[in-house]
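Engineer: Below, each chain spelled out in residue letters.
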Amino acid sequence: MKELAPFLYIVGLGCLYGVGYYLNHKTPVPKGCENLKADCEGCKITSCENHPIYDLSKGEKI
Amino acid sequence: MLGNLFSLFLTACIIDNIILSKFFGMCPFLGVSKKVSSAVGMGLAVIFVIVGASILTYGLYYLVLVPLELEYMDLITFILVIAAFVQFVEMFIKKNSPSLYKSLGIYLPLITTNCAVLYVAQQNIANGYNFAEMLVYSVAVPAGFTLTLCIMATIRERLEFANTPESYKGNPITLVVAALMAIAFTGLAGLV
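Protein chains in written order, with numbering that gives the first Met the number 0: chain A, 0 to 61; chain B, 0 to 191.
A couple of the hints might just be wrong.
[Unchecked claim] A few chain B residues facing chain A, derived, Cβ under 8 Å:
| no. | residue |
| --- | --- |
| 1 | Cys-26 |
| 2 | Pro-66 |
| 3 | Leu-69 |
| 4 | Glu-70 |
| 5 | Gln-86 |
| 6 | Pro-97 |
| 7 | Leu-109 |
| 8 | Arg-157 |
[To be verified] Here are the simulated lysine-lysine pairs, DSS-like style, with alpha carbons at most 27 Å apart:
| no. | chain 1 | residue 1 | chain 2 | residue 2 |
| --- | --- | --- | --- | --- |
| 9 | B | Lys-33 | B | Lys-168 |
| 10 | B | Lys-21 | B | Lys-168 |
| 11 | B | Lys-93 | A | Lys-25 |
| 12 | B | Lys-168 | B | Lys-93 |
| 13 | B | Lys-34 | B | Lys-21 |
| 14 | B | Lys-168 | A | Lys-30 |
| 15 | A | Lys-43 | B | Lys-101 |
| 16 | A | Lys-25 | B | Lys-21 |
| 17 | A | Lys-25 | B | Lys-94 |
| 18 | B | Lys-33 | B | Lys-93 |
| 19 | A | Lys-30 | B | Lys-94 |
| 20 | A | Lys-30 | B | Lys-21 |
| 21 | B | Lys-34 | B | Lys-168 |
| 22 | A | Lys-43 | B | Lys-168 |
| 23 | A | Lys-30 | B | Lys-93 |
| 24 | B | Lys-33 | B | Lys-101 |
| 25 | B | Lys-34 | B | Lys-93 |
| 26 | A | Lys-43 | B | Lys-94 |
| 27 | B | Lys-34 | A | Lys-43 |
| 28 | B | Lys-21 | A | Lys-43 |
| 29 | B | Lys-33 | B | Lys-21 |
To be clear, the hints were calculated from the coordinates, so they are not data collected in a lab.
On a predicted model such as this, the values are computed, not experimentally measured, just so you know.
Note that the Cβ used here is the ideal one computed from N, Cα and C, for glycine as well.
Can you make the complete structure from the sequences, with help from the hints?
Structural biologist: Listed below in C-alpha cells is the structure:
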C-alpha cells in the first residue's frame, strides 16, 4: 500500500486540477467581460491567447 | 521576533527583489508593465495568488508530504496545487464578483505560469520558515514584484513620449531601464 501512495497522491492532485479546470470553463463569464484580454507583449509566442494578436472569439490568430 | 520579521520583509521585498535580483517573473514584468492600471491589477492578483498558494503548499507539505515521507514529490505537488488553486479562484471570482473579475480575472491565467509563485512555495520549505515567517515572506515577495512592476509602468508610460531610437523601442529600452533599476536596487544591499 505504501508503494501505491505516491501514485494515488498524484492521481488525486491531477483529478483536483481536472475538476477545477472543468468547473472553471463551465462557469459563464460575467456580462461585459467576454472579450477581456491581458494584451501581454512579453514574448513573441503568438499562439498564446494572452498575446494581442490572438483572437479569443475565434480561438485562432488574426 | 518582530524585528526579524521586519528585516525578512525588507529583504524579500526590496533587497532581494524577485524581479531585479532573482530574475523571476520577467514575462509579466515585460508584458504587463505598459500601463499603471494594468500593473496594479496584475500586482494585486499576484499578491493574492502567492499568499493563497503559499499557505496551501506549506500546509500540504507539513501535513501530508512529511507524514507520508513523500517530501521528494514537493515540486510536482506545488505545480498541481498552484494550477488547481488558480482555476478555483478564477471560478469563484467569476461567480461572485464580476467587478473583481473585470479588474483581476484576466491576469489569473498569466499567473498560473508565473515562476515566482512556485519559487515562493519552494523557498518557504527550503529556508525552513515557521508559519509567521512563511506569511511575511509570501506577502513581501509579491509586494516587491508589484512595486517594481508599478515603477516600471510609470517609466514606460513616460517613455512612450520620449524620443527613443527606433531600434531601442519596445522590449530593448525596457530591458535597459530594468538593468538601471537593478543597479539602483543593489545600492540598498547594506540596508539589513
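Engineer: Now look at each hint and say whether the structure bears it out.
Structural biologist: A quick look at each hint next to the structure:
no.	hint	in the structure
1	Cys-26	holds, 4 Å
2	Pro-66	violated, 11 Å
3	Leu-69	holds, 6 Å
4	Glu-70	violated, 11 Å
5	Gln-86	holds, 3 Å
6	Pro-97	holds, 3 Å
7	Leu-109	holds, 6 Å
8	Arg-157	violated, 18 Å
9	B:Lys-33 to B:Lys-168	holds, 13 Å
10	B:Lys-21 to B:Lys-168	holds, 25 Å
11	B:Lys-93 to A:Lys-25	holds, 11 Å
12	B:Lys-168 to B:Lys-93	violated, 37 Å
13	B:Lys-34 to B:Lys-21	holds, 23 Å
14	B:Lys-168 to A:Lys-30	violated, 36 Å
15	A:Lys-43 to B:Lys-101	holds, 25 Å
16	A:Lys-25 to B:Lys-21	violated, 37 Å
17	A:Lys-25 to B:Lys-94	holds, 11 Å
18	B:Lys-33 to B:Lys-93	holds, 25 Å
19	A:Lys-30 to B:Lys-94	holds, 11 Å
20	A:Lys-30 to B:Lys-21	violated, 39 Å
21	B:Lys-34 to B:Lys-168	holds, 16 Å
22	A:Lys-43 to B:Lys-168	holds, 15 Å
23	A:Lys-30 to B:Lys-93	holds, 10 Å
24	B:Lys-33 to B:Lys-101	holds, 18 Å
25	B:Lys-34 to B:Lys-93	holds, 24 Å
26	A:Lys-43 to B:Lys-94	violated, 33 Å
27	B:Lys-34 to A:Lys-43	holds, 19 Å
28	B:Lys-21 to A:Lys-43	holds, 23 Å
29	B:Lys-33 to B:Lys-21	holds, 22 Å
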